[in-house]
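Count along the sequence shown starting at 1, add 304, and that's the number in my numbering.
Hints listed in this document are in silico derivations from the structure and should not be mistaken for laboratory results. The beta-carbon is built from N, C-alpha and C at its ideal position, and this holds for glycine as well. Treat the hints with care, since some could be wrong.
[Unchecked claim] Dumping the calculated BS3-like pairs for lysine-lysine here, alpha-carbon to alpha-carbon at most 27 Å:
id : residue 1 : residue 2
1  : K654      : K621
2  : K471      : K594
3  : K574      : K713
4  : K594      : K574
5  : K594      : K577
6  : K594      : K606
7  : K549      : K536
8  : K549      : K577
9  : K606      : K471
10 : K574      : K549
11 : K567      : K625
12 : K606      : K577
13 : K536      : K471
14 : K536      : K621
15 : K625      : K654
16 : K594      : K621
17 : K606      : K621
18 : K621      : K549
19 : K577      : K654
20 : K567      : K549
21 : K577      : K567
22 : K325      : K549
23 : K574      : K606
24 : K567      : K536
25 : K606      : K654
26 : K713      : K567
27 : K621      : K577
28 : K346      : K325
29 : K346      : K318
30 : K549      : K471
31 : K713      : K577
32 : K594      : K549
33 : K536      : K594
34 : K536      : K654
[To be verified] Restraint-style ranges between C-beta atoms, simulated for each label pair:
id : residue 1 : residue 2 : range
35 : H581      : P434      : 12 to 22 Å
36 : K346      : Y391      : 25 to 35 Å
37 : N658      : Q509      : 18 to 28 Å
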Amino acid sequence: MKLEDEGESYRRLKNLYGISKLLSTFKTIDETFPQILQITSKTFPLLTAVLIEHWEKTPVTVVWHSADATQEQIDNALTRARLAYHYLTGFKDDSQAQNKALERCSSTKSSHKIGAENIISLPLIVDELPALGVLQLEGSESLDMYNLEFVSALADLVSVALDRYYKSRSSGRKIIRSQNAVIGLEIQKTQRENFVSLLTHDLRQPIAAAFMAAHMILQKNEEPLIGILSNKIINSVTRADQMIKDLLDANRINSGEVLPIFKENFELHKLIKETIHELSEVYGERFIFKSTDTIEVFWDRKSIRRVIENLCNNAIKYGSKETPVTISFDQTSTTVNVHVQNFGEVIALKDQNNLFQQFKRAKATESTKNGWGIGLTLVSATADAHGGGITVASLPETGTVFTLSIPIKT
């Protein structure tokens, strides 16, 4: 072996040792992965790197690239990594939006050409179990067998670190869930009884309205009346259907699942206007929309609409009848914030933390307002599913303001 080869082998081993130290203490892979690639790039002619891994049902993608990489090269690297991920892991993503995006990526023709000798894609495997992800590195020049051996060792280190990290998290969550389950048994019993009572009452209202309207249609043959009563049937049945969907989602949340979302591009201000218009037909001119800006987002349109409806319904139910409900939104470099404001009784600070828990409401309104107590829970879960959050501030001077914050790039 030549002297320069021995020096190169020493550098590679030294880099692998430094990477193993990083992986032994990492908190999240998206923070540690760029640090790993910084070390790797000292002996490896890196152009792009992509890590795609999943635990249970949630794939996570982290992309790294050198300063010389073009956007086209980065996009092509991500396309190849996704195809390699599906091929090497056999992992099936049920999201229609994700599958369509993958089909578009795989059918895209690119002017950027690069030989297979520049790319190394390896599955992340632990203890001969099915692959939990894929690591792909792309060189700015042709790669040799020494590069392959280096990437193979790197993939093994990442695999072991991810497996250890997720298993420790899973064990910790199981312990906490068990403790909370024991403490909450008596509380759940009371909540279940109240829930069944409210469920029976609330579901019977729209069903009874639909039945009465249908019965009157059979007795009346006048054309205008038939149209009016038909609309009542449609509205009542639609409301019942949405209530059932909310209950299904609430059960998902209670089981510890993340709400499924199907993202698409849409104009946020247009969605808010449409929602306010429909709510105004029920509540009258109670809403003010303060925003002239336009912004296109890539979120789940239906679930965001439900969030806005829930926040507005909540503001009408608990706010003052003499003051309007104000809806607005603003944007930072990374986040869009939607605000729903109403004036009325202030929510005590000690009650604010309970608002987003299932079947919880502020004590001041528990005995005076009917409701299931899951609306704000669904709002919070939808925000979480988009990688965002929901907050509340309540003061006499500014009223009660709920703020939905979601990253522009979820």
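(message) Name the hints, by number, that the structure is in violation of.
(response) 2, 9, 11, 13, 19, 22, 24, 25, 30, 32, 33, 34 and 35
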